[in-house]
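Chain Z is already provided as a structure; the job is to place chain E on it using the hints.
Taken in order, these protein sequences are the chains called Z and E. Quick note: the first sequence uses my numbering, first residue 1, plus one each step. Quick note: the second sequence uses my numbering, first residue 258, plus one each step.
No lab work stands behind these hints, which were simulated from the structure alone. Hints may be right or wrong, so weigh each one.
[What the hints assert, rightly or not] In silico SDA-like pairs for lysine to any residue, Cα to Cα no more than 25 Å straight-line:
hint : chain 1 : residue 1 : chain 2 : residue 2
1    : E       : K922      : E       : N821
2    : Z       : K198      : E       : P678
3    : Z       : K160      : E       : K682
4    : Z       : K160      : E       : R679
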Amino acid sequence: MKARYFAIAMIVALAVVGCGKKESEQAPEQKPAAATPVDMATVGSVTGSVTLDGAPPKFKPINMSAEAYCAKAHSSPVMPQDVVTGDKGALANVIVYVKDGLGDRSFDVPKAPAVLDQKGCMYEPHVVALMAGQELQVVNGDQTTHNIHPMPKDNREWNKSQPPGAAPIEEIFARPEVAVPVKCNVHPWMKSYVGVFKNPYFFVTGKDGKFDLKNLPPGTYTLEAWQEKYGVVDQTVTIGPKESKSVSFVFKASSGD
Amino acid sequence: MPELPPDDPITSRSLAVPLLVSAFLLILTLGWALYQEDFGLRPWRSYQRRFGEAYSAYLQKAIAGQEAQEKAVYSSPEYLKLRSTAEDLEKAAKPSDAEIEKKIELLDKQRAAMTDAFQDARGRVGALIYDYEIVPESDKSTKQSRLEAVNKGMEKTYRIDWPASLTETKTEKFDYDRLNSAFTDILAKRAALVAQRGENDRPGKEARAKLADYVSQKLPGLPSSTLEGLLHASASIDIHIRQINVSPPGTSLNYLGGAGLVERCQSCHVGTDPQLVPLQMELTKADLGLAKNKDAPFASHPDPELLRIHSLGKFGCSPCHGGNGRAIDSVRRGHGRYEHWLWPLYYPENYDAGCQQCHAADMVTERAPVLNDGRQLFRQRGCIGCHRYQGFDNQDEQLVGNRQQITQLSDEKKQDELDIPRLQKAGDDAADNATAQKFYGQATNLTVRVSSIDAKVEQLELLSHSLQQEVKRVGPDLKDVRLKLRKEWIPYWLENTREFRPATKMPQFRFAPGEVQAIAAFIWQNALTGPALEKQKPGDPVKGKTLFESRGCMACHSMGEGANRVGGTFAANLSRIGEKENYDYLVRWVHNPRQRTRPYCAYEKRDLGPEDYAKHGLPFAFDLDHSRCPNDGHELVVHQPTVMPNLRLTIEEARDIASYLTGLKHPDAKYVSADFMDDSKLKAKGEELVKHYGCAGCHEIRGLEEEGRIGTELTNEGSKPIERLDFALYTQDAKHGVLPDGKASPRGPWYDSKGFFENKLSNPGLFELGKYHPNPMERLRMPKPNIQSKDELNALVTFLLGSVDPTLPPDYMYKPADQRHAIQEGWWIATKYNCIGCHQIGIGQRSVMMDLPQYQGENKINLPPALTSEGARVNPEWLKRFLANPALSATDLNRNGVRSYLQVRMPTFSLSDNEIRKLVLFFEAMSSQQQPFIPPKLEPLTDAERAMARGLFTSPAAPCLKCHATGNPAHDKNATAPNFLLARDRLRPAWTARWLTDPAKIIPGTAMPSGLFRREAGRWVFAGPMPPALQKYSGDHADLLVRYMFSLTPAEQSMLMGRTPAPSSSGGGNR
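Next comes chain E alone, as it looks inside the complex:
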């Protein structure tokens, strides 16, 4: 027998301790799991609980307040009076209502009694008739017998317990006809009785409605009964995952392919659940007594209007706000702030970014001011010059495509033209006529095809013409630098861009030593040297200054730097313009900024000169109406690609302004000579650098007209995976929340798109610091954009953050097919040409001019007109003409076509036909006008009416012609309103009538007085002392004047002029 080992672990050792420890651990684990279950992994449970408590307390208070108010209102004499009226009326209607009720009850009983019999009879007779119908006409005997069967069937009688009154019933016999007529009779009687009851109840109902109106006016909030219901729901809050689930459109209920949108945000953000907090109610943290609490996501949506437009049930939260709408286990995950979630929650300053996904086709999105600023900056500061962005001005790309198409069609045509004689020959030589005709037919078809190619090319050329007109560049044309600039200024500017012009659009490049010289040399040597500019006589700088400040230049241009800056930011600041620009060039530019030195031919890829025109015996003249190449007939570039319009100034005025501008210099400006610019050895390197830095993205440069954009496309930049954003040596800092300046980031790690965009835009060279590039051309090229403020930076970052590859289904994208589409399109043009620099277009929007010092106080009258009602005001046909030629004259150009009295000038923008079309539609859509416009027919004036209208027109109480221009220069010197002769073509009668009766409603602050008419018995009556004839007139006075205005002729007007006081005689009238 073996000996037992001395220390048998089974017998000698106790497992009590490990078991105890394990048991403890297990219990701890269970406790931990239970805790996690309730709190750790389900933070929303405690949020909902806390919300329920806070909200209940709030509601209790609210109910108390509401009840007190309700009590006050319900006991107020007005309420009691209204209520008793309503009750009396209802009571009065009751007896007759009861009688009607009884009648209806009887009818219903009768109907019920006969229903079975009637259905049976109808079925039987229907079947018999069918049997009769199916017998053919030829079988006369059967037909006859079946007809008899039908008649017999109709004679069959039914015994019905007919309720003669509500209490007694009689048994009566009904045949088919009687049943039928009884049934229709019951229906008719019943309908009449119901109508009678409605009529009977109407006074009572109206009184009830009045009472309800009174209550809702006095008690605007939710009634206490509703609040009680909410209190009940919140006090016993049902803690559960609150989920929005949108199935992909078009899928069935049983679809298992995954939902389109799953959102659980409301599980924590309980205040946004409309079941608990109805949309009519606004709930803030302060309301809940949690104003200072950092962990109380309970407020309702601060802009309920946005939720009304974008219903929560369809959109949820994360499509607009970012974040991971499905994650509910922690705040961080729910908000998507972890490394591999592509769409982290937007910070409040970037909220507008959420609009871009669906509103990518907008240039201006309502309620998204930050995003709108971002888009405008992206376009106007020239980001678009290097970075393509879908939907932003891509006319240049369209043009290239267009040209390729034209070239290809021309090749096709050439080939076809070779084929035609071949086919004809084949026909001539064919063995038989049929074959010959086949070949002849082919030749003829090919001929027709060639002509249809011609038609296609013609259309493409027209489109090119339009597109060419629309192509604008952010920076000036560098072909003209030799004619335009002081030579030494160029290298200075390249190196010290922001010193010369702090707010310039031109970004600051990071040039290596020697690069500036090479670039300057290339640009100088590559520029055009002629034809020489016309030599200009000097102008008057004092007059020039006045013109500059009054003609409207300052809606786009500014003067003075820093705090002294006055004017718009759309175009360059001109404080030091005199240091760089040549007088003769400036005169040409001010006189017509679109004038080119030489037209450019994209097919020959060169600028044409006088010699090209001379070859064809043509003068060297080119403009939008003469834009075809003398050599090959293709469309030329005949305009400077600038958005600056032609102000239609006289040459003297242009000289005055240019004289003023050339005098604007910094007192200490000094330039060192730059002879290296003529060094031909630098040119090649300069060209390479100009291409490298992508200068041709913003500037027109000889030989580089077709250079593409050098930067990354940014359309979907916001959804670029984080690994593809190169943080370079800052990757670790970003992940650990250390800012480039070494300080800790207040929001922690910035290793996300927002962090990248902010730092890249603030300092594009940042992510290159410390990197080694043996080849200097491999360095990051992006120059430092001139971002003027934190707001501008944030606007651009917001725009980029929002630029995501859409994750929502296509039907979420905002691509309206109705008038909103015209608005969407129109804004692109209105912002492209800075219409909003001079005009107020949207309600509430301010133009740049409205804030200029020269248009304050009483000088407001000199502002360009507000266009908030333009679409309703003017005839679109007229607007087309006006936009094409705002002088409204082919010869007299130095004037405003409508407001000849304004100093500020509506310039000629040389808009393309396409742009004019879009703008007209835009204005009409903004004013909800039907398309197309059909002018209403106006009742012609009778002689008596014309006499009355004349009297009213010249009445001292309504001195229309005192302010309105008449075309008589002496009179118009003091005019402040347009000529009535324009009305017929320009205005819409309905708008004119509204304008006459209350202009201040349409344009607050207008010089046109309100209250000229008063409303009297459903018509407008002149409010002042009336000529006797008019006093007896029973028609509408405003309508009379409108009809008179729309029939006004020059002869009639000059006759009126004889009768009205001249405007200079101050206000006395001709009494």
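Next up, chain Z with everything else stripped away, as it sits in the complex:
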């Protein structure tokens, strides 16, 4: 009996020691670095467009028959959104962002959340971009239960279910990552991407393929365009004070196939 108590006491003692150690290992509380001020008098911008060189691949419409509610929500067939093009090869759902050139600058994280809605069993928008630490608000606009399952490389993975009418899910991604795929395991066709950046210079193209990176301080930057199927293309651009430059990105249709 005595031996047993002793053993228990030892275990408790070890546990306490172990936990203590864990605490001491932990990184000291890091205060977010104060934002480096940007002189608004000298800022310029980079605009441009993204196009696809070649014919986009052909897709079969999504079969939503597994869930009657989803199928009913659409009057016309829904196409997968891996490659969405507009007129003259304009490429949508491309994130254009400043990859390099800002040095040690740091930026305030926007207070307003980025929103990812689930409508008709599709994510809207298909591609979301936000800053590391910025809140992502996931809304369920459907009358069915979804689960939101980001599968990041650098960030923390999570997977939460969201019944109809449930409160929005609010999460942050702490680390820059282009881009985190998001899935709904209940409705396997549902796919979205979340680009996470440490600066506010990013833009998700629409059907017109246009982008506009505003308020860039003068400097030389590496810009990168990311597309979920075709990967990344980058370019270097230098802007002077109050200068506005135009850049265009072209993805080769065959490159991703």
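Only chain E this time, still in chain Z's reference frame:
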């Protein structure tokens, strides 16, 4: 020159006298030494000499008798006939045997002739082949030349003087191939010849074996030739120290670290030496003509079977019997009867004590009835309530350990849950992705760890559930006393325990004045006051009496005191129950003894009430299936910790029995009022006393649920040094053999463990007499156990004497790994719930019921079934279900699942899963059944066979359905055997076939008739008049019926019912 002194001692005195005296003394000393050498220090010499004489005389007589018998047998015509047959057959086989012998001889000669050459050739060729093999393939030329060398080597010839026949030899040339084939040829031929000779001799050998069988049957004892040998050995007995020496296991021959066991007992107890008295022979003192001699330790062991199990060479004598096996200089020392020898020889009445050392894990040890009684008394009389004993029910201790583990795991989980967000934050803030992933990984691992803690806690809670079910207390729950008892009865009972119930388990305490009042007040004031009991309508006491006597209550409970006592001693005598118990409570108890007033939560350390359940919107309902605390989800105590099972009576039946019981009172019973019990000032003192006397060891008491055992642990009490047993003022008396009553002890001094245990158990206050205790709380607390007879006292003393710290190596301990382990474990449960009160489980064992007056003569048929073959009879899967729910129904509970026709009821014991598992394994092991059971595949019936089986089933000569129940109430009113529909799930086909053909062999006295089938040409054939179709059937009739029974459906049965006579039409049949 100096003058000489007048009396020069050298010249004037002679030393003759002192020298003479010295010489005498020396001679005397020499004589004494010689005497000691031969007799004094070596008493075994004279024992062996005397044994040799007596044994020789016995053997001479025995030889004479044996020779006369042998002569008679050897000259009997049967013997002569058998012998001449054998001799004739042997003679007939001789010529051909001789021929075969000759052939074998020739072959052996040939083999001898060629052996040298063959070995040489084989060696040579083997070496050449090796030389060839080691050359690499690339070196083609060498390879080729070596191959040629091999071929050449094989061609080499040897000249051998080859025996062509037994007489002539020819010189012949043998090359390697010829040698090889000749050798295998010789071997094959020789083997064939040997087999041929065996075949040739077989008839003769068989006749010899028959002759030997005949002789051993007619002459059971040892043959006179063996006796002659023994006589020779005993007449010229070799007087020496006869020693058994067992080296510790695993030591080498040269080990010098001391032997494991050295035994010289046989030096005096010569009759136990198997060299002189073989185990087949039993030798008593009377055989030696020494029946009245008190100093003739010559008998052989009276139970040779025990020696067969425990071989003398391994065990010797003293491990079982006690004593000092090495001492041979005196009887007293050899028997270890001196002050500092811890293991004196056991007296005959305590022989079983010797089993306990190795059989400590047994509850029931075969061939040790006294020890078994002792263990049962120790457990059932409540010694276990105060004294811990390793291996005895310690579920309460396990539960406490379990709870501590759960609490500790919950703390760990809390800590981990705090750590997870910290690690995640550290990951978010990390400088690079690799570090971040490390922290994220740790957080994830910790999450998984938390979930594995949950799994562990879940398992521990399940185990708690099982353990909680197994925890039983010896005495009743004292939380219920206000709901249950007449108030004034409590102080009366405490003071006059044995007057009220002479055979009670409750020991008699030695209370100081005022203590009874304080204890009674505490118990009363501390008890639960509600929720109130349901008010019960009165029942019919006459019906109640009938039910009490027929449902099986009396297997455990008795009625009437002293000589009039009838019934079992396992539970309370109920002769005066009406004086103490409240009717409403008794109805609840009889209806379901396990029902609690309030569930107890061991984590909150209190009894929960309706308010706790209401807080969570739950009804105040709790049972084994709803045993989690509404507040924190932990396992609750939802049952009364009693072994009394639920008899599944209707509430009306419970009222009838309770009405009968409440009427049972002593005519002169009077109780004085006890208002002091409400005096709140007494409560605190009462609580202190209740703790002091250890009441919570046997009773559940509010606030004292976790009180430990207050007494000494007794696991090794038998090897406690004598100084640590406090004889107090009786120490001198004990040493001088004066008994406490002043008389002389017939066995002399009793300053030993046995003396202490006997006196302590008979009168625990004895060793306190005359002692001065300024603080009354320092007095000895042990109450006087209610020991009913000398046998009971002796059984307990035997058990304690045997409870020693083992001195034998661990591999001597009886911890079998095979089926015997299941038997060992099962007995703990079978005795815990008194299964043996109703059932016969072991062969030869009697149940309590078998001796009750209501089950004598033709009423034997109403007894519960014997379970001697249960493991072979039933399917273990079914048995599991049955033990969990003997009604075999989820809704229709007021019945027996199998024997619906019996009045006596198989109750629901609410056994834990663990107990059910152990019991099922126990029954299977008792019947030597393989584990796990795989039901054999039965050949499906053909249509013709089904028709035949139907015919046989309903045949007037085999009216199976007359006795066996069918589920039809009109029919079953007179049924006396189970429904056949149960057979498929319940029975094992092989047992069923054995049962059909000879049930009396399995359960003597069964109502099922034997002789329904007769053996005919290797199959069972129905013994009565057969339907014509069956007469032509060449299969086994019993097997046919078994297959039919195992395929029986309700539809088939009701169809049969249409064809069979109703049981009420007495015996006429439908002819």
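Outcome of the hint check:
1. E:K922 / E:N821: It holds: about 16 Å lies between the C-alpha atoms, which stays within 25 Å.
2. Z:K198 / E:P678: This hinted pair holds, its Cα atoms lying about 22 Å apart.
3. Z:K160 / E:K682: The given pair, whose Cα atoms are some 19 Å apart, holds under the 25 Å limit.
4. Z:K160 / E:R679: holds, 20 Å
Every hint, counting from the list given before, is met by this structure.
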